[in-house]
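The primary structure of each chain is shown beneath.
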Amino acid sequence: MASTGHKGAKKRRGLRHHVRTSVPRLSRFAVEHLLLLPLGALIALVWANTAPESYFTFTFAIAFGVNDVAMLFFFALMTKEVVEATAPDGVLHPWRRALLPIVASVGATAIPALIYVRAVLAFDEPMLAVLGWPVSLVTDLAIGYFVARIVFGRHPAIPFLLLLGIASDMIGFAILALLSATGERHLTGLPILAGAIAIAYGLRRARIRSFWPYLLGAGGVSWFGFFWSGLHPALALVPIVPFLPRAARDPGFFVDALPTAKDTLSQFEVWWRYPAQAALFFFGLVNAGVPIGAFEPGALGLPIAVILGKPVGVLVGAGVALLCGLPLPHKIGWRELIVGGLIASMGFSIGLFFSGALFPSGQLRSEISMGVLMSLVGAPLALAAAALLGVGRFHAEHAKERRE
Amino acid sequence: MIRSSGRRAIAFLLFALTSAAVAGQPSRSFPNRTDSLKFAAIGDNGTGDRGQYEIAGQMESAHASFAFDLVIMLGDNMYGGQTPADFVNKFERPYAALLKAGVKFQASLGNHDRPENVSYRPYNMNGERYYTYTRKNVRFFALDSTLMDAKQLEWLEAALQAAREDWKICYFHHPLYSNASRHGSSVDLRVTLEPIFVKHGVDVVFSGHDHVYERVKPQKGITYFVSGAAGQLRRGNMRPEEETAAYFDQDQSFMLAEVSGNDLYYEAISRTGKTVDSGVIHRTAR
Chain A
1 MASTGHKGAK KRRGLRHHVR TSVPRLSRFA VEHLLLLPLG ALIALVWANT
51 APESYFTFTF AIAFGVNDVA MLFFFALMTK EVVEATAPDG VLHPWRRALL
101 PIVASVGATA IPALIYVRAV LAFDEPMLAV LGWPVSLVTD LAIGYFVARI
151 VFGRHPAIPF LLLLGIASDM IGFAILALLS ATGERHLTGL PILAGAIAIA
201 YGLRRARIRS FWPYLLGAGG VSWFGFFWSG LHPALALVPI VPFLPRAARD
251 PGFFVDALPT AKDTLSQFEV WWRYPAQAAL FFFGLVNAGV PIGAFEPGAL
301 GLPIAVILGK PVGVLVGAGV ALLCGLPLPH KIGWRELIVG GLIASMGFSI
351 GLFFSGALFP SGQLRSEISM GVLMSLVGAP LALAAAALLG VGRFHAEHAK
401 ERRE
Chain B
405 MIRSSGRRAI AFLLFALTSA AVAGQPSRSF PNRTDSLKFA AIGDNGTGDR
455 GQYEIAGQME SAHASFAFDL VIMLGDNMYG GQTPADFVNK FERPYAALLK
505 AGVKFQASLG NHDRPENVSY RPYNMNGERY YTYTRKNVRF FALDSTLMDA
555 KQLEWLEAAL QAAREDWKIC YFHHPLYSNA SRHGSSVDLR VTLEPIFVKH
605 GVDVVFSGHD HVYERVKPQK GITYFVSGAA GQLRRGNMRP EEETAAYFDQ
655 DQSFMLAEVS GNDLYYEAIS RTGKTVDSGV IHRTAR
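If you read the sequences in order, they're chains A and B.
Here the first sequence stands for residues 1 to 404, where the numbers follow my numbering.
Here the second sequence stands for residues 405 to 690, where the numbers follow my numbering.
FYI, nobody ran anything at the bench for these hints, they're computed from the structure.
Covered stretches of chain A, going by a simulated chain B footprint (3 or more residues, C-beta under 8 Å):
(1) 122 to 132
(2) 290 to 297
(3) 351 to 363
Idealized CB from N, CA, C, for every residue including glycine.
Please build the complete structure, drawing on both the sequences and the hints.
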């Protein structure tokens, strides 16, 4: 009896410790990386459907400042995470590890795109099909990471999914650069862009430790180069961030830099972390306000494409990679790939960004944005699939470990 | 007995003649002047169904007494398949008599139209998503509201600025004002387009998308029509508001209009040939 009581107390202490160590970190992550965007999106949805005239008047007035300028810092910080994690000492290194997710990402982008086009054409929305398919390629890394941590804990599937998401987004951004119609295209923008990279390289060579010259000098020129060449200027810091001097060790994916950190990249993050979150809030506010009246069946094309296409695409891509002789990471099998595919189906921030870059305001943008919001159903589906297939936290061994 | 049968026959003959006259002459409120511009407006027509053919029949009947030589198409000109056979079944066959009579169709595209349809010759779009043309004292602007990008807005500003005709009429698929419950007003487009229309003195705007007929009371000096039931129909879908001047949502419909000097006469006509709305818009000199 005493022994049972002792065991019970030990179990409770263990559970408390588990909650203390893992929940605050995830909840802090949710607050800092996830909450403001959905909050902005929720306000936008309510506002656009109750007082649409004032909503659109307000958001159109600030759209350029938010989408083309403020979002610079969000993409800069995402680039920072990717650069640190894939660098030689990063948590997603070595690159050999990245080969399989990269090959899998081809399937995870091609198959949703094919399903998207077929589905939207079947819904008799040809213009939406022709122009909107790149939205089906992308994955929201932050929300994907959050859901993956809930499902998998510290499983090897996490780096696999992050690399899959990064590779898919890179394919998406490459296609967006070719298709985006944000403005006139000028080839002279490319030498300007090269000049910006040269400035960043020069600053690095000169061992400049403040991030301001990188941001205002190289970043400013890069922004103009992107804008002038017809590429989306919110991505202007993506080629500049890798030149910022960084710490020798990567603290981990989405692990915030300490305020005392001395390296340039960490200082940049500390300075811009909260402005970037504010930008995300306004990004949700500006881009997620879709009038319900704009709904057409074509809006369902995107969720159908990503919910079906991502898991199938990941499986097919991983199968091709296996045939090419690339081994699957430890503890990852077809069940984990299906759940991972469902997690990767959520486009959210990147999906809304793509819909804004591909479509002017109007019915098509509203429809595709509705589809992006609907793709969030990937989170409960991933949890349900994980429970059904016994994956991650729901794996028999894992459950046993936790019980002990 | 004989006398009684004769009376019945005469009564039947009179009834038949009167019915035919009513069905074939929906244009009684028009001045029908020889030098005026007469045109028809159809939206959301391209179903290939019986409703589209019956509306086309009414247009043909109207044309006999009201010789319009222009049809403006308000988008969703083609639903479903858009193969060469579909263009025959959903456009060339229903409007064959009008096409044969030399009536010119000038299309704008809707969300169900394929982008490449701009090159379909009978639509007279010359490969452009948006374009302008003049008929008598009217400048028409056919816009692509499905993809209202910055380039189109820039073009529209310049084209409106350059227009010197008495009347400026814009038409496109998505309505800036609509009180049908399925879609309703495209407020995002309204916020973008209305200031441009007001600034450059647009007089009348025609749209489709909602499968009903609605005339909206003038908004900032502009009269808006929704005429999206020339093939499709969403029966009973209207939720009229204070800004609704007239509406009809019980059957398919199309519009006829005549521009004579500073007056634009209009009628909305149902599938059975009934005039469901009519009136005149008087243009005040700018």
